[in-house]
Every structure is written in C-alpha cells, then in structure tokens.
Amino acid sequence: NAGVTQTPKFRILKIGQSMTLQCAQDMNHNYMYWYRQDPGMGLKLIYYSVGAGITDKGEVPNGYNVSRSTTEDFPLRLELAAPSQTSVYFCASSYSVGELFFGEGSRLTVL
Amino acid sequence: DQQVKQNSPSLSVQEGRISILNCDYTNSMFDYFLWYKKYPAEGPTFLISISSIKDKNEDGRFTVFLNKSAKHLSLHIVPSQPGDSAVYFCAASFLYNTDKLIFGTGTRLQVFP
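Sequences listed follow chains A and B, in order.
Those letters in the first sequence? Residues 1 to 111, by our numbering.
Those letters in the second sequence? Residues 1 to 113, by our numbering.
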C-alpha cells in the first residue's frame with residue numbers, strides 16, 4: 001500500500017517551460033487535492049477533485065491546470081512556468097471529511 | 001487575509017514537559033478543526049481533529065482544545081518526546097467541505113533532551 005505517490009520529487013524549470021506533476025493514490029479515495037507551500041506560509045489549495053471527471057478551482061489556481069480521468073490519478077499541469085511558481089507542491093487524497101493523506105511533495109524551482 | 005493564524009513560528013520544549021501549540025481563526029463559521037504534523041522532506045500527516053460541538057478531544061498524548069468564543073484552539077502534547085520535533089499545522093474547515101480546508105502557517109516544535 002503506497003498511499004499517495006508524487007513524481008518528480010525535484011525539478012528545475014526555465015521560465016516559460018511547461019511540465020506535469022504526477023500524483024497517484026491507491027486507497028480508492030474519491031477526493032484529491034493539490035496544494036502548494038511557500039516558505040513560511042501555510043498550504044494553499046490549487047485545485048481539487050471530488051471524483052473522476054470532476055475538478056474545481058481552489059484558492060490559487062492561476063497558471064495551473066488539472067485533469068482527473070481516473071480515480072487513482074490527478075496530474076497537475078504547469079503552463080508557461082514563472083518564478084512565482086517556485087514552491088513545494090503536495091498532492092493529497094481523502095475518503096471523508098478532513099483527514100487528508102499527503103504525498104511526500106515535489107520541490108519545483110523556476111529560474 | 002489569513003483566516004487561520006499560528007502566531008508562534010517556533011517553540012522549544014524540554015523532553016517530558018508539556019508542549020502547547022496555539023492557533024487562532026477569524027471565521028466563526030468554521031466548524032471542523034484539524035492538526036497536522038510535518039517532518040522535513042515528508043508530506044503532512046493527520047494528527048487529531050475536533051468538531052465545533054466539542055471543546056476537547058484526546059488521543060493518547062495529544063489533546064486538542066477548542067474555545068469557540070475566543071476563536072482559539074490549542075494542541076497539548078504531554079509528555080513531549082524528541083520524536084515530536086516537527087512542524088505542526090492547524091487547519092479549519094466547514095464540516096463536509098474539505099475543499100475549504102484552510103491551513104495556518106505552522107509552528108516548528110523542537111523537543112530537546
């Protein structure tokens with residue numbers, strides 16, 4: 001039982017490049033989330049999904065896109081990377097209210 | 001506008017003593033509160049939660065207290081152990097709406113021998 005798996009763990013991008021952060025969970029959770037954490041800040045919700053085919057914006061969605069074609073996978077797409085997107089990204093999933101299971105995080109640097 | 005505030009960025013406590021981590025919130029409509037613990041290079045892990053119908057919830061060495069009138073919650077760890085050294089995040093939401101989970105900025109707890 002791997003839980004929530006994120007790849008890659010580290011990535012350096014140049015301004016304007018694009019990339020996809022992968023997230024997979026094997027707990028059959030319907031709810032999945034993407035958060036970002038900037039230094040000294042709490043986690044901010046980027047996008048979330050309540051089930052396959054359903055996604056919605058969180059607090060800071062600009063510059064990102066998501067898709068949810070299966071229950072297991074919830075990739076986060078960064079288009080035209082900007083230095084402001086330098087952050088640590090966490091994917092999470094949940095079965096019920098509140099108790100989110102997080103991945104180990106993906107540290108992204110945009111130069 | 002920070003709806004969930006953890007005003008102490010860090011806390012240092014001796015092993016065996018009590019650790020008290022505090023959290024304040026501004027939105028009186030929040031009705032579900034959680035604490036997460038985070039070790040370096042790992043994702044946060046759920047620790048304990050409390051709904052607004054209760055004022056205390058206990059799980060082993062961890063107790064969360066909720067003071068709704070003061071919009072304040074606290075996490076007590078007794079006794080503190082070196083393995084408790086981590087960053088602790090409080091979070092608040094509306095029950096049945098985890099998409100509205102709002103996190104505080106975290107408090108780094110260091111437990112020394």
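Each hint should be verified, as a subset may be incorrect.
Unchecked claim - Taking beta-carbon pairs under 7 Å as the criterion, some of the chain B residues facing chain A (in silico): (1) Tyr39; (2) Pro40; (3) Glu42; (4) Gly43; (5) Phe94; (6) Gly104; (7) Thr105.
It should be emphasised that the hints constitute simulated quantities derived from the structure, not laboratory data.
All residues carry an ideal CB built from backbone N, CA and C; glycine is no exception.
Restraint check, 7 Å cut-off on beta carbons, for glycine 104(B) near chain A: This interface hint holds because 5 Å falls under the 7 Å limit.
Supplied contact hint for glycine 43(B), tested at 7 Å Cβ to chain A: This interface hint holds because 3 Å falls under the 7 Å limit.
Interface hint status, tyrosine 39(B) versus chain A (Cβ within 7 Å): At 10 Å from the nearest chain A Cβ, tyrosine 39(B) fails the 7 Å test, so the hint is violated.
Per-residue hint verdict: glutamate 42(B), partner chain A, C-beta under 7 Å: holds, 6 Å
Hinted contact threonine 105(B) with chain A - closest CB pair below 7 Å: Check passed: Cβ of threonine 105(B) comes within 5 Å of chain A, closer than 7 Å.
Supplied contact hint for proline 40(B), tested at 7 Å Cβ to chain A: violated, 10 Å
Hint check: 7 Å Cβ-Cβ cutoff, phenylalanine 94(B) to chain A: violated, 9 Å
Against the hints set out earlier in the document, violations occur for numbers 1, 2, 5.
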